[in-house]
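With chain H held as given, fit chains D, S and C onto it using these hints.
4 protein chains.
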Amino acid sequence: MAGNTFGNLFKLTTFGESHGEALGGILEGCPAGVSIDENFIADELARRKPGQSAITTQRKEQDKVHFYSGIFEGKTTGTPIGFVIYNTNQKSKDYDHIKSVYRPSHADFTYDKKYGIRDYRGGGRSSARETACRVVGGAIAKLYLKNISFFAYTTQVGSIQLDANEGLNREEREKNPVRVPHAQKAMEMERLIKKIRKEGDTIGGVVACEIKGLPAGLGEPVFDKLHAQLGKAMLSINAVKGFEIGSGFAAATMRGSEHNDLFNTDLSTQTNYSGGVQGGISNGMPIHFRVAFKPVATLMQKQNTVDTNQKAVVMQGKGRHDPCVVPRAVPIVEAMAALVVADFDLLQKRFTK
Amino acid sequence: MAGNTFGNLFKLTTFGESHGEALGGILEGCPAGVSIDENFIADELARRKPGQSAITTQRKEQDKVHFYSGIFEGKTTGTPIGFVIYNTNQKSKDYDHIKSVYRPSHADFTYDKKYGIRDYRGGGRSSARETACRVVGGAIAKLYLKNISFFAYTTQVGSIQLDANEGLNREEREKNPVRVPHAQKAMEMERLIKKIRKEGDTIGGVVACEIKGLPAGLGEPVFDKLHAQLGKAMLSINAVKGFEIGSGFAAATMRGSEHNDLFNTDLSTQTNYSGGVQGGISNGMPIHFRVAFKPVATLMQKQNTVDTNQKAVVMQGKGRHDPCVVPRAVPIVEAMAALVVADFDLLQKRFTK
Amino acid sequence: MAGNTFGNLFKLTTFGESHGEALGGILEGCPAGVSIDENFIADELARRKPGQSAITTQRKEQDKVHFYSGIFEGKTTGTPIGFVIYNTNQKSKDYDHIKSVYRPSHADFTYDKKYGIRDYRGGGRSSARETACRVVGGAIAKLYLKNISFFAYTTQVGSIQLDANEGLNREEREKNPVRVPHAQKAMEMERLIKKIRKEGDTIGGVVACEIKGLPAGLGEPVFDKLHAQLGKAMLSINAVKGFEIGSGFAAATMRGSEHNDLFNTDLSTQTNYSGGVQGGISNGMPIHFRVAFKPVATLMQKQNTVDTNQKAVVMQGKGRHDPCVVPRAVPIVEAMAALVVADFDLLQKRFTK
Amino acid sequence: MAGNTFGNLFKLTTFGESHGEALGGILEGCPAGVSIDENFIADELARRKPGQSAITTQRKEQDKVHFYSGIFEGKTTGTPIGFVIYNTNQKSKDYDHIKSVYRPSHADFTYDKKYGIRDYRGGGRSSARETACRVVGGAIAKLYLKNISFFAYTTQVGSIQLDANEGLNREEREKNPVRVPHAQKAMEMERLIKKIRKEGDTIGGVVACEIKGLPAGLGEPVFDKLHAQLGKAMLSINAVKGFEIGSGFAAATMRGSEHNDLFNTDLSTQTNYSGGVQGGISNGMPIHFRVAFKPVATLMQKQNTVDTNQKAVVMQGKGRHDPCVVPRAVPIVEAMAALVVADFDLLQKRFTK
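Residue numbers (our numbering), protein chains in the order written: chain H, 1 to 353; chain D, 1 to 353; chain S, 1 to 353; chain C, 1 to 353.
Okay, chain H solo, but in the shape it has when bound (with noise of 0.2 angstroms):
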């Protein structure tokens, strides 16, 4: 247990620094037989990467991804599957000023402590650019999944949100550099995240995620929820505040006899404020949730902090970065909730007869 793997026969561990040689990671477990169709990885990683729009960093990077292993003829050999996506574009230079300095909430000053060492540049291993790798083992863990849909997009940001009454226009998300699956609202929030970006700021949002096609029984209680483990997979991406599932922390307000779902007579059920999870386990309705997220640390703007030696110092943020994560937030929210989707499938198969 040292922090880098997840899952448990589906199973991921990645490596790599932001402005290493490379980062890459290993994904275990994948059954043998699955097409690899490297042009979708691609897409899925071209959703996370920066300089994709002109609302995230300008940071150019390729995120090409290199196989090394476990795929023989296009599918799947059951091996692990090595890959590495070699950074292009580290300005480690831009990170001198922070050597020795501790940028407010950032990771910082706690990796000092923890280690007593840090990699300063672009946050070492605390920058979110360790994701692409997530997004690569979310990509395969869809691949594997091919009949279960997971459909995440940004519902808020700062205090515009997605009503919760409104459609989804699923086909708009991709069509505007929020992910929003609704246009006027879409325009909304890229316009304010560019007035935030103009004055060197940033702001925070929500994505919301839906995952369809799941079958009933997948969980493992009483410690290995569906949605505890989902929770964790979200709380684990950088930046996020807060996970709920269903009703959330609506569900506080709610009495018995509003929140229960009845049940249809073909065992799926009239409301879904459980969030497709009882007791832990799906129960074949789609699971719905929420996750929260803070705005980035880094601001274009004076801030006061303090250095390594405890002086008060005053610093500029430098570098290249996002004015809100959501936009980009989305395809790593769908990868890890692939990633946890995969692991209990796998798990399940356990009883088969």
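To be clear, the hints were calculated from the coordinates, so they are not data collected in a lab. Some clues are possibly wrong.
When chains are identical, the list treats them as one kind, so a pair holds in a single copy or across two.
Pairs of lysine-lysine, DSBU-like flavour, derived with a Cα cap of 30 angstroms [stated by the list, open to error]: (1) K91 to K64; (2) K99 to K349; (3) K146 to K113; (4) K146 to K212; (5) K311 to K99; (6) K311 to K349; (7) K349 to K113; (8) K75 to K64; (9) K113 to K212; (10) K64 to K194; (11) K318 to K194; (12) K113 to K353; (13) K353 to K146; (14) K75 to K113; (15) K91 to K194; (16) K75 to K91; (17) K75 to K93; (18) K311 to K75; (19) K318 to K75.
This structure is a prediction, so every number in the text was calculated from the model and none was measured.
Frame of chain H; chains D, S and C shown alone:
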């Protein structure tokens, strides 16, 4: 990975069904030499046990724990601590009526789908009775972590909530049955719960938790971040629908310039929107998190549902149930938090020079 | 990872010391629907229990196992099976004399160094009494794996050994107290053990084991190879000093042209030097392995040793001990083998289409 | 648990096939601040690499390792160390002839049964080429454990063996291609291997290993005993058929009065039949174990075998192979031993006060 184990080095495995002969667990990895105060453990169990007040279920269980190993002459020996709690007040006949019925928003249907078989008495393994074992494990974790304090409390029942700006009256918490550190709000909440119960209904709520005394450096990025593991721990508790740390969902509406926690020169921070965790690692500030609970699914009302043959039936709630789980959830939240912290504490020791 | 758990999906965790109030364990991951024949489990325990014959320790333990969960109406439910064996014949006073003495070739010194504290009564956790719990877990594994047979037997005591070319008389094995599938050799070995005991001494031996009915495909290379996990399982049994599979150490002197197992057209092999495993995966042939046991360290003779203050002392063996562990080790070897196979069986099911 | 990870806290995960583009791994959990001497690691790889002498396979691989993360300014940072070794001398066409043939005593058949698909080129994942990654991990473990020495050596090839009573000439070991710490025996063994090779045949052997400098207290009973984990580590190496520690199989013929290791007053022991481990925990004495290797299965002779359609065929060995694996296995045995010790070392630190 079969779902009944929590933790890596400080590791709890539990067994037991609601109406079996006994529940119990094995706590592995607790270092040798920890003084075991059995009275303290009994007190912790008493905070969770049924029948403790007018607003909880009236099932009468003594919840006496028997330790069978791992403790010698009052101290832990480093070997596994095996313990058993015998059930004394099972009334399995209370559950004959649900043998072939799927109760709405319970785990009856999903356990059947997962395992193909189900101990229907009192919910079997899906019952929150299992959490008694978590409280035993958590109590030992607290004894191990004697310089770290865990303070959970009820902060919301239905729409009644503590005002974030009001101070906590910590001594008050155990004086009222709702476990609110605020006498006035406690009375209001208690009144609401009693009203709800009288109507045969149930109500949700929120538990907040504060951990103090934690050193900086705990947590294992990138996947086993401190708050990710706390989140998983909380979401694994029965009836939990949401988890947030620090600013939580409110972070979505905040700007970075507002949300960043500026350092003092002693490396504490002026604000604590991060909730004591940066980059998945504790920063030495108090940990703050909140956990949302749904209303209990068992109602003392008639409900439409479906039986195991997919026929529509009407069921009437029986058995002994809580109208609101939040008061009894408080010690469970603390127990799980203590288990998480003890595990990360041991993990961090591998870096001792 | 605290050392008291074996297996991944079919997973046994044990607790208990030689002279504590009780021993027990939790078996997780056994699929639902397995019929639990409690008589069979009692019989397996009886094969291991002390006092079963004139050549074993005379400690009298009934070794009755109490199941507290995971079994409902005679069948497993898929939830963890908690079980307890109460100790009834502890004579802790027998051990007062070793409280401050390190017995030669026992774990007294190493437990003290590791944990800084030690339950000295009967060896505490280091006692082979713990293996009773393994036999319970193994018995359930056998019930799960009903088409696979596990046949372990004594093949050597001191210098008396079965001739590899002699056939096994399987029915004979349980008819003699040494558990040798050969009446004549059994008598010779029994005579030797009695002679050794009379001299206050002890003697080593070898247990062989054969597993039949295993399908091809079990094992998880490259680290969790079938024979690697079998080896670990056996080496974890008290007093074991060696493990070999198939040709074992004899392979060192063989040529490839002699050692290669040529295929028949039904994909069985003409010889079985591989012992049923190729590349870490079962090949459908019988598994054959051998396990070497050292002589018991407790002698009924005076021995020079050292006390906890590093003073030389003379100690006299007391307590009740086996002159040779091999006869009672036979069911333990089978139990561990069954646990290994059940785990790999469940792991392999993840590849079910 | 998908079989490609070894260790718990000091944890190596590997990927790669014999004739893929690259092999590699991720080493997690190495504490921060360890100086990485890349020359040392290269030297370790050179001891294992093919083509190093006239008695090994003539495949030419540079086996240069590229580190991509976890090392900053020459020191480990505590984050995962990702590394890649590019294959440069694959001759996949050499393997076209085995595409549809099951080679005797190889893993061709079992991989097909397990995964339903197989990268047949050079044995794919089942090739010992994978062990290069183990040597990288083991080399870092050695750098971490700088006060502990690991000395493995060839002690037997065919029937030629070192006499247990002869002293080891440690300096001699790396001077001869067989890696024997005895010049005369080295020559004899080399002559035998050359003779065997000329005949198109192969031969088995034994590697012994000695670990010095290990403190007392390492090992995690009852299942993860030090020698149990060492045994698993060794048995996971290609071609290994047996493992013994201390007295090993010879213990079977010994009496307790002879086998017990009596203490000196400094708590060392007068003899070391236990091989440095008591009750699964190191006792501060040198660790001694032995590992048996079978003869390589690929012969340069015609062999009868069966193809994937279960037709009898005659195959002729091609490719580049070792006539005896033992000389190149020596550094692999050390590497795995170092990984085991590093892991237990970190585990033991959880008990630091």
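Now for the hints, and whether the structure bears them out:
no. : hint         : verdict
1   : K91 to K64   : both (18 angstroms within a copy, 27 angstroms between copies)
2   : K99 to K349  : between (49 angstroms within a copy, 26 angstroms between copies)
3   : K146 to K113 : between (43 angstroms within a copy, 21 angstroms between copies)
4   : K146 to K212 : within (11 angstroms within a copy, 38 angstroms between copies)
5   : K311 to K99  : within (14 angstroms within a copy, 56 angstroms between copies)
6   : K311 to K349 : between (57 angstroms within a copy, 29 angstroms between copies)
7   : K349 to K113 : between (42 angstroms within a copy, 13 angstroms between copies)
8   : K75 to K64   : both (19 angstroms within a copy, 28 angstroms between copies)
9   : K113 to K212 : between (42 angstroms within a copy, 17 angstroms between copies)
10  : K64 to K194  : within (28 angstroms within a copy, 47 angstroms between copies)
11  : K318 to K194 : within (18 angstroms within a copy, 57 angstroms between copies)
12  : K113 to K353 : between (50 angstroms within a copy, 14 angstroms between copies)
13  : K353 to K146 : both (23 angstroms within a copy, 13 angstroms between copies)
14  : K75 to K113  : between (44 angstroms within a copy, 17 angstroms between copies)
15  : K91 to K194  : within (24 angstroms within a copy, 55 angstroms between copies)
16  : K75 to K91   : between (37 angstroms within a copy, 21 angstroms between copies)
17  : K75 to K93   : between (41 angstroms within a copy, 20 angstroms between copies)
18  : K311 to K75  : between (56 angstroms within a copy, 27 angstroms between copies)
19  : K318 to K75  : between (43 angstroms within a copy, 27 angstroms between copies)
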